[in-house]
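Asker: Read off the chains here:
Protein chains: 2
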Amino acid sequence: MDRMEVLKALAHPVRVEFLEWMKEPERHFADQAHPLSMGVCANQFEKRCGLSQSTVSAHLATLEKAGLVRINRVGQWAFYHRDEDKITAFLEELRSTL
Amino acid sequence: MDRMEVLKALAHPVRVEFLEWMKEPERHFADQAHPLSMGVCANQFEKRCGLSQSTVSAHLATLEKAGLVRINRVGQWAFYHRDEDKITAFLEELRSTL
Numbered sequence: 004m005d006r007m008e009v010l011k012a013l014a015h016p017v018r019v020e021f022l023e024w025m026k027e028p029e030r031h032f033a034d035q036a037h038p039l040s041m042g043v044c045a046n047q048f049e050k051r052c053g054l055s056q057s058t059v060s061a062h063l064a065t066l067e068k069a070g071l072v073r074i075n076r077v078g079q080w081a082f083y084h085r086d087e088d089k090i091t092a093f094l095e096e097l098r099s100t101l
Numbered sequence: 004m005d006r007m008e009v010l011k012a013l014a015h016p017v018r019v020e021f022l023e024w025m026k027e028p029e030r031h032f033a034d035q036a037h038p039l040s041m042g043v044c045a046n047q048f049e050k051r052c053g054l055s056q057s058t059v060s061a062h063l064a065t066l067e068k069a070g071l072v073r074i075n076r077v078g079q080w081a082f083y084h085r086d087e088d089k090i091t092a093f094l095e096e097l098r099s100t101l
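Protein chains in written order, with the numbering used here: chain B, 4 to 101; chain R, 4 to 101.
Think of the hints as simulated: they come from the structure by calculation, not from any bench. A couple of the hints might just be wrong.
Because identical chains share one entry, a pair is satisfied inside a single copy or across any pair of copies.
[As the list claims (entries may be wrong)] Below 25 Å or equal to it, Euclidean Cα-Cα: the simulated SDA-like pairs (lysine to any residue) are:
hint	residue 1	residue 2
1	K89	R18
2	K50	L101
3	K89	P16
4	K11	A81
Computed from a predicted structure; not experimentally measured.
Please build the complete structure, drawing on both the sequences and the hints.
Answerer: Below, the structure is given as structure tokens:
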């Protein structure tokens, strides 16, 4: 996990919002057809934020590259969920550095 | 304090290093002529990191704009120190958001 990569990933309000939504998927993505235990489908973010598919994809890819989310690929679908261990590790490392 | 501004300020290793050095000024800036209680003079950062005056100034300005450091101006000199309250507040806010 590259701390600079994570900080850059967090330095955009949309990406922070995506992470916040994924904390409570039942609240924010209740109309997803697939079970939320699989993760949140990319198109659910599109619906909720109103941004284009390519913009949403780029934000999710940045979060994934930083290690903040993980992808669960099922057929043509990509489901996302937070990587809680990585998020916690990042916060702890940041606190001890600063 | 704008969280995005702080995250962007932290997303550069040199700026994080400056903040780390300022945690222990006696260790890292022992040869400063002025008392370290005034803060760390900009030219001390230049000496230590080997970057140009303008680059160091830009990094310090970014940290100051983000609220992570404060400037103590004395005549022609600018002395910097960490804003511990802001740093703590940022870490707490980030933890509660993520």
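Asker: Hint by hint, which ones does this structure get wrong, listed from lowest number up?
Answerer: The structure conflicts with no hint, since it agrees with every one listed earlier.
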